[in-house]
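Visitor: Those protein sequence lines, which keep their order, are chains A and B. Here the first sequence stands for residues 1 to 766, where the numbers follow full-length UniProt numbering. Here the second sequence stands for residues 1 to 766, where the numbers follow full-length UniProt numbering.
Treat the hints as calculated values from the structure; they're not laboratory data. Backbone N, C-alpha and C fix where the C-beta goes; we use that ideal spot for every residue, glycine too. Any given hint could be a false lead.
[To be verified] Straight-line alpha carbon distances no greater than 27 Å define the calculated BS3-like cross-link-like pairs of lysine-lysine that follow:
id	chain 1	residue 1	chain 2	residue 2
1	A	545	B	547
2	B	25	A	284
3	B	25	A	281
4	B	178	B	284
5	A	25	B	281
6	B	178	A	284
7	B	547	A	547
[As the list claims (entries may be wrong)] One side only, chain A facing chain B, incomplete, derived with CB under 7 Å:
id	residue
8	24
9	416
10	592
[To be verified] A few chain A residues that don't get close to chain B, going by computed Cβ distances all over 10 Å:
id	residue
11	32
12	146
13	187
14	293
15	394
16	566
17	578
18	630
19	697
Number of protein chains: 2
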Amino acid sequence: MGKIEIANSLKTIGRAIPRTDYRAKITGAIPYPSDVAVEGMLESAIVHSPFAHAEIESIDISAAIEVPGVICVLTRDDLKELDPYFGPVFRDQPILAIDRVRYEGEPVVAIVAVDRKTAHYAASLVEVEYHPHPEIDNLEAALEPNAPLVQSYAQRGSHYSKVLADADPRHTSNVAFKWDYDRGNVVAGMATADLIIENEYRVPIIHHFPLEPIHTVAKMDSEGITVWTGTQTPMAVRQDLAVIFGCPQSKIQVVSFPMGGSFGAKAFSKVEPLAVALARKAGKPVRVALSMSETARTIRRAGARVKIKSGVNRDGTLVARKVEIDYQIGAYADCAPRVAQKGGYVSAGPYRIPNLEIRSRAIYSNTPPSGAYRGFGVPQATWAYEQHTDELAKALGMDAIEFRLKNMLERGESYAEGDTPIDTDYAPVLRELANELEWDQPLKPWRGRGVAVSFKPSQAPTESTAIVRLHADGSVSVLMGTAEMGQGSNSAMAQIAAEEINIPLERVVVTKPDTAMVPFDSTTTASRSTVAMGRAVQNAARDIKSKLLKRAAILLKESVDNLIIENGEIVFGQQRLTIPEILYQTKEISGIEIISIGQFILAPTRSPIGGSTPFWEPCWVATEVEVDPNTGRVKVCRLLTAVDAGKAINLQQVEGQDIGSSMQGIGAALYEQMIFESGVLSNPSLVQYRVPLFMDVPDDFRSKVIENEDGPGPFGAKGVGEGGLMAVPAAIGNAVAQAIGTHINQLPLTPERVWRAITKKEGSET
Amino acid sequence: MGKIEIANSLKTIGRAIPRTDYRAKITGAIPYPSDVAVEGMLESAIVHSPFAHAEIESIDISAAIEVPGVICVLTRDDLKELDPYFGPVFRDQPILAIDRVRYEGEPVVAIVAVDRKTAHYAASLVEVEYHPHPEIDNLEAALEPNAPLVQSYAQRGSHYSKVLADADPRHTSNVAFKWDYDRGNVVAGMATADLIIENEYRVPIIHHFPLEPIHTVAKMDSEGITVWTGTQTPMAVRQDLAVIFGCPQSKIQVVSFPMGGSFGAKAFSKVEPLAVALARKAGKPVRVALSMSETARTIRRAGARVKIKSGVNRDGTLVARKVEIDYQIGAYADCAPRVAQKGGYVSAGPYRIPNLEIRSRAIYSNTPPSGAYRGFGVPQATWAYEQHTDELAKALGMDAIEFRLKNMLERGESYAEGDTPIDTDYAPVLRELANELEWDQPLKPWRGRGVAVSFKPSQAPTESTAIVRLHADGSVSVLMGTAEMGQGSNSAMAQIAAEEINIPLERVVVTKPDTAMVPFDSTTTASRSTVAMGRAVQNAARDIKSKLLKRAAILLKESVDNLIIENGEIVFGQQRLTIPEILYQTKEISGIEIISIGQFILAPTRSPIGGSTPFWEPCWVATEVEVDPNTGRVKVCRLLTAVDAGKAINLQQVEGQDIGSSMQGIGAALYEQMIFESGVLSNPSLVQYRVPLFMDVPDDFRSKVIENEDGPGPFGAKGVGEGGLMAVPAAIGNAVAQAIGTHINQLPLTPERVWRAITKKEGSET
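With these hints in hand, go ahead and build the complete structure from the sequences.
Guide: Here you go:
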């Protein structure tokens with residue numbers, strides 16, 4: 001019996017084991033997209049617009065084309081043969097600027113040459129005449145009644161999002177997308193409230209700064225298109241390329257290599273269409289290797305302005321809330337309308353609010369496109385509503401935690417009708433973190449404590465399909481479209497397959513996404529993969545196991561029920577059969593390899609934003625900070641977070657994800673902002689753009705992993721990895737407010753901004 | 001109604017349409033194995049044994065390793081870390097010679113260098129001291145009672161062939177393998193015969209001479225092994241590499257590129273293990289690019305000596321036959337034991353013979369390994385029994401065709417108990433070809449006519465599995481392990497998928513075999529793929545169609561029975577739905593991509609050689625030749641062949657295969673032989689080794705395709721492509737015998753040999 005118990009207990013799931021790719025990462029055996037080098041490959045350089053908004057009057061490439069070593073020069077003229085627009089919501093982004101440039105850094109001309117130096121030299125010889133227009137580089141300017149339109153003409157819809165595809169793609173203002181929600185009666189609710197507070201909160205534009213910039217190699221010939229890249233969405237890139245180049249999807253191979261970080265920056269088409277267009281013209285493979293500062297001008301996170309008005313009763317009950325959230329998106333929509341929709345959707349916070357009105361908008365501006373970024377619009381909203389929550393508590397004279405606990409949604413309650421009920425326990429976890437932080441203990445001077453909570457829906461409807469193959473020697477291949485970007489999906493999927501079949505983990509290999517080979521997977525986004533792809537892999541692996549046991553049962557002339565698999569061997573009493581023995585001896589009946597397709601489709605009932613989330617990704621943050629009153633510098637002394645993993649497939653990775661996400665939150669809280677001057681990005685590199693460093697790691701930095709095995713994923717798992725980021729800035733903001741006695745409603749909490757708040761010093765910030 | 005009929009009639013199957021890859025072949029867009037170039041790849045050179053049989057006394061690589069640009073030198077010492085033997089029947093072939101060399105040209109040392117010139121220069125500096133032994137380079141020497149043993153020690157068995165794995169792998173003679181069959185009572189049968197004729201026939205060793213020599217690139221790192229090669233058996237190569245390098249199969253990726261011809265030469269491991277061993281030592285990708293003459297020393301067809309003794313009654317009835325067939329295989333077994341088994345099995349010919357005894361052997365010799373070659377042992381047997389058939393007819397005073405018709409197996413009769421009954425109509429087709437040839441018309445002087453028939457079992461048990469994916473845009477991917485070597489399998493499989501789903505052919509893409517990605521397929525051999533993989537693809541495609549119709553039925557609220565698919569659109573009355581419309585509108589229920597696995601396992605009842613053939617590959621040849629009496633030169637004036645395709649998937653390709661195979665038969669009949677002098681191959685290049693040229697194409701050269709839709713493959717298809725080769729030499733031999741009045745029992749029918757037969761001139765041939 002003891003033996004059977006061991007056999008049935010989890011071998012790899014839930015353990016803090018090293019990720020399966022650690023050795024390859026350490027030894028450099030893993031090729032990243034920037035390592036891809038295809039024989040005969042040419043290099044490229046891009047001529048970018050120096051203006052944020054201008055007509056292109058003329059382009060003169062005559063000097064560039066004469067440079068020895070230049071193979072070809074791609075201009076807007078070459079795009080006439082193509083359908084050159086892409087974008088996951090509206091197809092509004094051209095491969096190269098056509099008549100107008102709409103942001104500083106927009107690609108205008110691209111050079112293919114034998115090496116990068118030649119390409120860059122030739123690029124410097126391209127003469128483009130521009131007729132500059134006034135640029136729209138902030139929300140206020142974009143929303144002026146007679147503001148020039150960043151985008152004016154009708155856009156073609158996309159298949160990606162039915163809800164969004166139904167939106168009117170014609171623009172008569174700079175509002176790219178608008179999403180409204182209301183329930184109850186906010187006016188009536190406010191009328192009954194004892195106290196109404198209204199405030200405005202600001203979040204700047206920030207950049208993902210994955211340590212690996214965007215690199216893509218492409219080739220195109222009569223047989224089709226091959227793209228070697230790093231993307232979270234190989235299938236979506238394939239779809240864009242199919243439309244742009246008029247090529248059947250079956251002839252397009254998008255291979256996504258493990259990325260050196262993405263955080264959303266490498267979701268949906270980035271330079272892949274340009275790389276293919278260059279390869280098409282050059283007739284050879286071409287690499288597009290962006291620099292860090294080019295990457296920063298390719299994609300970034302939306303800035304936001306959030307107005308919240310709340311009505312509360314004296315006892316602390318929230319009765320009504322109105323949220324107006326405007327996301328400052330860039331010159332092209334990318335997936336920002338969806339960000340506005342999803343971020344807007346949960347912008348009221350995980351609270352019980354009977355009367356609620358939300359208006360969320362995505363506003364075009366002459367800045368680089370904004371797209372997916374860890375948290376997908378929720379961090380911006382959380383900064384606002386969790387500052388606001390503390391302000392409400394303060395105004396009521398209530399403890400910030402007690403006020404939250406009074407209004408917080410409980411497990412089983414609905415945030416919005418039609419969506420999955422809350423599937424986590426906010427209150428007890430918040431209490432636990434507060435206790436851990438010694439919330440009630442006295443503080444030293446210039447210290448403050450703060451908490452914040454947040455929540456995010458995952459994605460629906462989506463689908464994942466995986467193929468699992470059990471080879472003749474008992475090793476296993478998992479073929480799937482989930483992209484590895486450091487989050488450890490390859491390791492998690494290998495663990496799930498190994499666990500389900502009960503074979504040693506080191507026998508399992510997970511392939512990289514290759515659209516020509518692996519079955520369809522929606523995207524690697526929204527913390528969805530552990531759940532959706534995990535279930536697909538689990539389903540396939542279970543089928544493999546069942547087929548294997550059936551074959552063993554035939555050989556052993558035994559009932560399947562009497563057989564177990566123990567570490568890759570089939571055990572019946574004293575008898576043991578290896579997997580090769582079973583497969584070889586039964587191959588004439590069932591084939592030597594056992595192969596199975598596992599699918600997981602998530603098409604639930606409809607919430608206000610479409611399909612209902614498969615799970616909620618909650619987060620809790622409790623922090624203690626110290627402010628230097630002389631400089632305004634904020635030091636995060638303690639940072640306690642909690643993450644609801646349902647069941648951690650790999651405990652080490654879950655903690656790593658939460659710690660990493662929280663560190664990124666420290667960056668957003670204290671340092672990060674992209675600064676535009678007349679639409680020109682002035683801090684595009686890591687020298688000028690401050691990200692959190694090792695010295696910023698809090699002395700007490702812990703992540704609590706909650707495992708109730710109550711998620712829809714394999715073994716009860718939920719998706720994780722975005723949490724910390726969402727609530728860390730607000731928690732730090734609340735702590736800083738406590739330390740200095742006043743709220744600063746605008747991120748980041750730079751020393752200057754904090755110092756000015758302390759000193760109430762007037763004057764513009766520098 | 002007319003419309004429906006069109007919709008249901010075959011669109012692509014059976015038509016003489018261009019193969020789908022013709023444009024890519026013509027434009028050079030298809031990368032062949034010799035085009036594979038991996039970034040950072042190193043080159044190599046091999047030091048070959050100059051002796052056919054010798055002990056290796058010492059190897060001195062000190063000068064070679066000092067050559068600038070040399071990366072590493074691989075010797076037998078490096079093999080100690082590996083299990084360095086491979087082979088599909090016995091694992092008897094080492095990556096490099098260890099203690100002994102067993103054939104001239106055997107790899108002894110290999111050099112990796114930055115380029116080929118450096119590698120070859122370094123190879124020239126390697127000093128190997130040999131102690132030569134007497135070589136065994138012909139059957140007689142090998143079978144001497146006290147002949148030295150080519151292979152002496154126990155060999156490890158292989159999983160590939162159960163029947164052969166049971167054979168004793170220890171060698172106490174040079175008989176590598178022996179296979180016996182008997183039925184009835186030959187002694188008693190002979191005793192009742194009116195006439196007994198016994199004769200001996202000879203077939204030389206010949207080479208495949210694919211126009212592309214053997215090229216492989218390999219890399220190996222901590223993540224596993226990748227091999228880019230051209231092989232008919234990627235899964236078998238993977239298995240060898242797994243054993244040699246102790247690597248799970250899931251970590252081995254063998255990618256087989258479309259080959260520039262193979263004809264069996266690129267079946268089973270050739271230089272792949274060496275390439276991986278070099279890449280392992282070099283720590284970088286390495287190419288092994290054999291020259292033509294190195295390829296000729298890698299693999300070749302077995303020579304044969306066939307003794308046939310037959311008893312016939314005066315009325316022409318065959319009553320007894322005894323066949324003794326010895327195949328001269330090389331120094332390592334490769335798949336030659338299976339060649340001996342299968343060629344021996346059918347060495348009595350497609351005739352009704354109640355008393356039959358067959359003894360077939362594979363005999364080791366100090367010559368390059370012999371392996372698979374189009375016809376797999378049957379051409380050697382056919383040369384013998386069809387010469388013999390004419391001799392019997394002549395002795396009986398019967399017409400050669402009438403004698404054949406009297407004894408020929410009819411549809412439904414069994415060649416041997418347990419095997420599939422004959423599934424073709426020998427007699428009427430033979431009559432038709434004879435009529436076509438005007439068999440009864442008088443001949444001009446020095447002209448002769450001949451016929452020959454043959455038959456070959458395909459392979460069993462085997463299995464094929466395919467994945468078919470219907471993408472969102474209505475295009476289709478077929479993932480399969482069948483290797484394209486010019487035979488047109490990619491085209492045929494695309495046609496089968498397009499036909500079954502009823503979508504335009506140009507929307508279908510067939511992937512190349514990639515063991516990391518495509519499901520298991522036994523091999524691309526034995527003309528099995530159209531049947532086995534064809535059925536697997538068909539099964540998957542049917543499932544795709546059925547799922548697509550179900551989804552359309554849901555959308556249209558109609559019964560599936562009322563819907564048809566017409567050229568990629570779903571039609572119901574006046575309504576039409578495109579595939580993308582269906583997939584997008586039903587994706588939340590069933591996923592956006594329809595994916596299906598099709599499997600076809602062939603595990604039939606047991607014939608004397610194992611599983612019973614899924615179909616018989618028959619062939620008929622009728623020819624008229626003209627002999628120049630002054631030079632002995634034979635010109636094939638007319639060559640009429642027939643091929644039973646069951647149903648031609650692509651008529652143009654079926655004819656092309658039969659014509660090509662017949663041309664190769666002309667080579668074997670008139671020109672081809674590998675000449676060994678003291679075990680040293682003296683004609684390893686196309687300058688010295690005569691293959692058929694365009695000037696050898698007969699003036700009247702036709703292939704009749706029989707289509708009774710009676711095969712086990714899709715649409716009633718049978719496998720084709722080996723036929724003509726099997727019987728062409730015998731038909732030409734019989735025609736030459738008629739022209740000159742005497743049979744020459746030894747191939748090839750060189751001018752000298754024919755001239756000597758004419759003049760009965762004594763003296764040794766040169």
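Visitor: Which numbered hints does this structure break?
Guide: Numbers 4, 6 and 9 - these are the hints that the structure violates, sorted from lowest upward.
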